[in-house]
Structure formats: structure tokens, C-alpha cells
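Read top to bottom, the protein sequences are chains A and B. Okay, so the first sequence: first residue is 7 according to the working numbering, each after it adds one. Okay, so the second sequence: first residue is 7 according to the working numbering, each after it adds one.
Honestly, the hints are just simulated from the structure, not real lab data. Keep in mind that the hints are not guaranteed to be accurate.
It does not matter which identical chain is meant; a pair holds if it fits inside one copy or across any two.
In silico BS3-like cross-links for lysine-lysine, where the CA-CA straight-line distance does not exceed 30 Å [stated by the list, open to error]:
| no. | residue 1 | residue 2 |
| --- | --- | --- |
| 1 | Lys198 | Lys302 |
| 2 | Lys77 | Lys57 |
| 3 | Lys198 | Lys8 |
| 4 | Lys282 | Lys57 |
| 5 | Lys77 | Lys190 |
| 6 | Lys346 | Lys77 |
| 7 | Lys194 | Lys292 |
| 8 | Lys346 | Lys8 |
| 9 | Lys194 | Lys8 |
| 10 | Lys8 | Lys190 |
| 11 | Lys77 | Lys302 |
There are 2 protein chains.
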Amino acid sequence: MKYANWMKNVGEGFIGEMLRAAQNPEMISFAGGLPALELFPTHELQDAFQKVFEEQGSSALQYSQTAGYPKLREWLASQHQRNERLARIQEVIITTGSQQGLSLLAQTFLDPGDTVFVETPTYLGAIQAFEGFRANFQMIPCDVEGIIPSELERALQHTTPKFLYLIPNYQNPTGKVMGLERRKELLKVAQKYDLLLVEDNPYGELRYEGESIPHLVELGEHVVYLGTFSKVLAPGLRVGYVLADEDIIMHLEQTKEGVDLHSNNLTQRAVYQYLKQDLLPDHIQKLRQVYDVRRKAMVEAIHTYLGEQIEMVVPSGGLFLWGKLSGVQDSFDYVEDMIKQNVLYVPGALFYADGRVSNEMRLNYSCSTPEVIEEGIKRLAKGLRK
Amino acid sequence: MKYANWMKNVGEGFIGEMLRAAQNPEMISFAGGLPALELFPTHELQDAFQKVFEEQGSSALQYSQTAGYPKLREWLASQHQRNERLARIQEVIITTGSQQGLSLLAQTFLDPGDTVFVETPTYLGAIQAFEGFRANFQMIPCDVEGIIPSELERALQHTTPKFLYLIPNYQNPTGKVMGLERRKELLKVAQKYDLLLVEDNPYGELRYEGESIPHLVELGEHVVYLGTFSKVLAPGLRVGYVLADEDIIMHLEQTKEGVDLHSNNLTQRAVYQYLKQDLLPDHIQKLRQVYDVRRKAMVEAIHTYLGEQIEMVVPSGGLFLWGKLSGVQDSFDYVEDMIKQNVLYVPGALFYADGRVSNEMRLNYSCSTPEVIEEGIKRLAKGLRK
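The shape of chain A in the complex, shown without the other chains:
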């Protein structure tokens, strides 16, 4: 019995390990990307499930279409502009969370050894999804707005990747935002080289400062957009989607048919039931207010307890704060000490596709109250003194 070769390259399932460790009630976890459980619109979702059972009954429990529940797809299409028209239902496929969108894209596009361009650093779940299809990674240099177009162009002169994966809004892990002009420059380079862009946008609605910026998929061609309800509604429902050209969606559908036939039918209907009551905008306002307070609490606690020990990027949205440790070479070295202190973070190395040594760490502030955040940062400071 022999596993596939790529399995050797997979790490130890760090996301899963963190999810498990985070279940220790004593632990303060800044490691996950967990939205705040106490803010979930649980009653409204309960009502939505009830209503689907009452009005649609057994049909919500039957097999359904691979591309997803049509009314949910229609609703999602109606939320997106594409070249001065609304998106069409044929341009949307429902996925089992955004993570499945990443995996389906990899399976649909990658032959073994194909190259994928990624940001430096990038979302570790994307690295995992693409590794599962034997991707080669090339990390494109980034500045404060993300991918540097001239660096992208230089890379494209030597390598033809299957796509460039990026998170323009409140990037994971760095929290950076790509401005409008940068987006346009990037699209120009992409068009010149016929480069497919994969735009992942789980955090775009969680904006605490500044104005909303149009998505790449709304500004140009050849963009695959990934959306999700995990951060604005509830991640346990596993409802995400991909918006892209119809031909790409048809191919993703073909892939998904072999992968899981379709996503949970009942849940898709319940999410649509929730959405059609137009409850989401107010809910997002509430999330913004609460997360903003937590963001500020973390920034303040870091100033107070870590001071010069950490150089941080203060995010204007999203779930994460990215910090660089002073006088430390490898942030991995402190993981064990921190677990003893009952505090978790994600070491920066995990976000680099080449696994380089990093003195950075990603801290999540969305799922802890200001008091807990303060206590957690105190523990971090204590752990760092060891």
C-alpha cells in the first residue's frame, strides 16, 4: 500500500491541529480564522431552516444540481457587476466553502508540475489546496498594496503559470489592501500575458476604515472570483461560491460532479431563505462594529505589552493582524512555549509557499473579546520573554 507522492509534501495538517488545540477551553487562540460565534445570526438561521422545512419539505433533502440551488445562484449573480451588466446565473457555482473553490480550481486547471503564482506571503489553505494537485509555486514580490505589477511582468517573461492567486482585500495573512489603481495595473499586465487571476475575497465585507474598492472580476476579463458566507454568516454551513466566465463554471461543475456531486441542498436553501429577507447588510454592520473594537483592542494591547518587540501592520479590515518579531529569527521557535502559556498564533513560515524561515506571526482578533485579547497578548509577551 502506497500513498500518492504529493502526500509527502503536505505538512502536518496545521489548520486541523490548530482547530483541535483551539478546543481546549483554557486556550486563547489567535491562530484560527474563526469568526465570532456569539455574533452568528443563529436565531435567524434557525428560522430559515425551519421555513425551508415547512415550505419545501422533502425536496430540500433530495439530490440536487451540481452547480447549486438555482435561486441562490441567481441571488449571487445579482450581487455582482461584470462589465457593466449584472452577472448571470451560468457564471456562478456553489461550493462547499471557499476552500472547495480553491481545490476545484486546482483540479480543473493544474497538470502535475504546473506553476501557480502567489503573493508573498499567501493564505496557507490555498497552498494546501494547490499542493494537493502538485503545483509548483512561484512567489511574486509584494509591497504594501500586494502584488507589484512590474515584478509580476518580470516573472511572466520567464514562466507561464496557470493562474495568479491573490486576496486583494485584507489579505490573509498580512491584512493588506490593493488600491484601485494597482488593481487596474495588475489587470493590464494580466491581459497582456493572458494570465488568469484567481481573486479570493472572504473578508471584503469586513471593512473598518476606507471605502469599498471594486473587485477585479468587476474591472476586467479572465478573473475567477471566490466568495463565501463563512465570514459574514457562519462557516459551519460550508457555503461558498465561484463567479467566473461561463466556460470556466461549466468545467468546475464537471470537476465538482466527481468530487462531491453537489453541496448540501437544505443548507443552500436555508442560506437563500436568510438572504432574501435582506438581513445580511445589517448583520454585516454589526460585525464591523464589533470586530473594529477587537482590532483596536489588539493594537492597543500590543503597544502596551509588546512595545518594540513586534512590528505590526495595522489592518483596515478583515480578521488578522500581521506582526514581525524583533530580535527573533524564527517565530516557529516559540510555538511550544506559547502553547504552555495557553495562547496560539500561526507562525509566519506557514504562509510562504517555499517554507522559508520567518520571524512573523499572524494574530486573529475576531473571535475574542477585548478582555480576552488583552490577556492573550499578555501571555504572548510572557512567552516571548522565555
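Guided by the hints, dock chain B onto chain A, whose structure is given.
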């Protein structure tokens, strides 16, 4: 922009196409593998979801463990014997339907070009799942009990496959059952050649005649067992599982982390809530009674309206009847005529991994009443006369 090479080998998404065509209300579909919607325990499931919302609230909507909801995994382990002990929770992973189990196994075990042994014919969804990971297929000759051990041994002398995929109970598409002695012979060959067996058992509980036979996973080593609630509860919930050695489960978990992080948390808890009330055994009894009536109605209608035109295998369980058309070379030739007659079946060729011409067809009897079955078989007879 270029898709992965394997995409060319994928058919036109026949399962998805059938699911779509089956939504025409005039259509009588014998094509799907749909369980009967009117038999779903919808009220009990509604209560289960309500209870989870009331008792567990938001925690049922949060991210959760990749391997699945621990109480559901425990319950499933308790249902299976392994070498005279009960299975352990570490030997179970929850999947988004059994289809995901197939896809995860392929991703975890297959390098491009690796060979998979399959029955002749086999489940077309398994062909799709394995094609997505560039499998080579070798079809092992079968008799009335499925895989012929001597033929398997002969094949193993020339080729080392990653695994043999088979459906011992009420095989899809043929309805065949592998007897106890045959299972033991098969395990002996597998052990001799260190061959991994993938035992898919979606229909085992739907038994209308004969006695229950122990699963391969209960009889020997190196067996990966796939189970699902799609046929005994409701497929739209997408809850399946894999039972295997702990090391295999850990690898599947690693793969699943990149693929969709975890399956729907709320739904797993609701299914467990349903199961722990011990409602399933009575529900399965009801399914058996109703499906048995439908099975007999189809057999009788075929005798009445098709007579010598079709040679059928009368199944003793499951959802399907397998028929061979007399005086016909390719059952694909009639698909268009049948759609005009508003009746659907699946042409036999789709179940052969080599895509050979076939004069066979698979007919599903579980999701139509006896009256509809009679009408559908009349339409089939009419279509065949064209």
C-alpha cells in the same frame, strides 16, 4: 488559459445532465439513483435540526474538525466490527457524501497513470471520481457474484494497482451480491498480493430478500469501507463516511483539509441527533417494504410490456434493475427517442471504464410509484419499437 489535461477525458457530466432532465415534471426518470422523496423522515429531521439549534446553538455553526463531528464518528464506529472488536473513532472520517470518499481516496492514493481495478461494469460516479485523478482502469471479469478471484489473481500477476474498487451489496449497476465464500476468497487473494480493497456499500441496508452478509472490512485487513446516509436517510444532506485503518484515515483527513476543510457541521450534528433516537432501524424497514413493492412492479411491468425484448437481472436489494436489450447493439441509440417519450434510463456503456458499446441499461425503481413504473415501462416499450 488552458484546463488540465484530464478534463478532456471527462464525459459530458451525464449524472448532472440526468439530474437536470429529471426535473422536467413530465419526465419519468429511471435514470437517477434517487431515493423516494416521499419516504424521507422529513419531520424527524426537521425536529433534529431544531433540537441542535436549541441545545447547541451557535457552536453548530462554527468551523469544526476536519475528520467530522466526534459524536457522529463515535456512533459510526460503534456500528462496525473490526476483527472481533468494535471500530474506533480514529478509524472513521465524515465525508460530504460517499462521492467525496471516492474522490479523497483517489487524491490520497493515485499518482497520475496509476491503475485502479474495477468491476465489469462499475458505478459511473466512481469512474468520474477516479478519472479526476488520472487513473488507468483495468476491468476485472465478473460473474453472478461479482469479481472472480482467479481473474483478479491473474490480473495481479501482471499489474500492481493502487486498489480494487467494488460494491459487494446490490452492485451498481447490476444489482449483484457477493456471497460470503466469495468475499473470503477475494480477501485471500488481496492479502496474498497486498492489495487494498475499497468496499463501497451505499445500498447494503436495502435488502428485500436473503440474509445480511458481513462486510469485507469486518472480515479482513486492508479494506477501506465507504458508507453513506444518502440512501437510508436523505442524499441532500451529503453525509457519508469512510471506515479504514487509522493511518489511512489520517491521510484522508490531510487531503480533506485542503479540499473543503470539513463537512457541514450543523448537518452532522442533526444526523447524529436523529440517529441517537434510534429511529433509523424502523425507517429502514419501511424503505425495504416500499422499495420491494416497486421492485416487483418493475419486474412485472417488464414481463408484461417488454417480454423478450429485455433480459433482466432481478435484484434482491438496492435501487437498480439491470437489463440487456435483445436485437439491439447500443443502448445509447435509444436515449433521444426515450427523452421524446418522457422516460429516462442510463445506457450501459457509461458503467464500463473502457466506454465499450453496450446493449444494456440501468433502471431505477426506488423513486417511482408502481403506477408510474408501469407507465414508464410502457413508454420504454414504445420507444424501443421506434
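Taking the hints in turn, this is what the structure says about them:
1. Within a single copy, lysine 198 and lysine 302 get their C-alpha atoms no closer than 41 Å, and across copies no closer than 64 Å, so neither meets the 30 Å cut-off.
2. For the homomeric pair lysine 77 and lysine 57, the shortest alpha-carbon distances inside one copy (15 Å) and between copies (27 Å) are both at most 30 Å.
3. Taking the shortest Cα distances, lysine 198 and lysine 8 sit within 30 Å of each other only across copies (16 Å), while inside one copy they are farther apart (43 Å).
4. In this assembly of identical chains, the alpha carbons of lysine 282 and lysine 57 lie at most 30 Å apart whether taken from the same copy (12 Å) or from different copies (25 Å).
5. In this homomeric assembly, lysine 77 and lysine 190 never come within 30 Å of each other (Cα to Cα): the closest approach is 32 Å inside a single copy and 50 Å across copies.
6. When the C-alpha separation of lysine 346 and lysine 77 is checked against a cutoff of 30 Å, the pair qualifies only between copies, where the shortest distance is 28 Å, while the shortest distance within a copy is 49 Å.
7. With identical chains, the CA atoms of lysine 194 and lysine 292 are never at most 30 Å apart, being 37 Å at best within one copy and 62 Å at best between copies.
8. Proximity of lysine 346 to lysine 8 under the C-alpha cut-off of 30 Å is found in neither arrangement, the shortest distances being 37 Å within a copy and 49 Å between copies.
9. In this homomeric assembly, lysine 194 and lysine 8 come within 30 Å of each other (Cα to Cα) only across copies, at 20 Å, whereas the closest approach inside a single copy is 45 Å.
10. For the homomeric pair lysine 8 and lysine 190, the shortest alpha-carbon distance between copies (24 Å) is at most 30 Å, but the shortest distance inside one copy (47 Å) is not.
11. Neither within a single protomer nor between protomers do lysine 77 and lysine 302 lie at most 30 Å apart by alpha-carbon distance, with minima of 39 Å and 38 Å respectively.
Consistency with the previously given hints fails for numbers 1, 5, 7, 8 and 11, ordered from lowest to highest.
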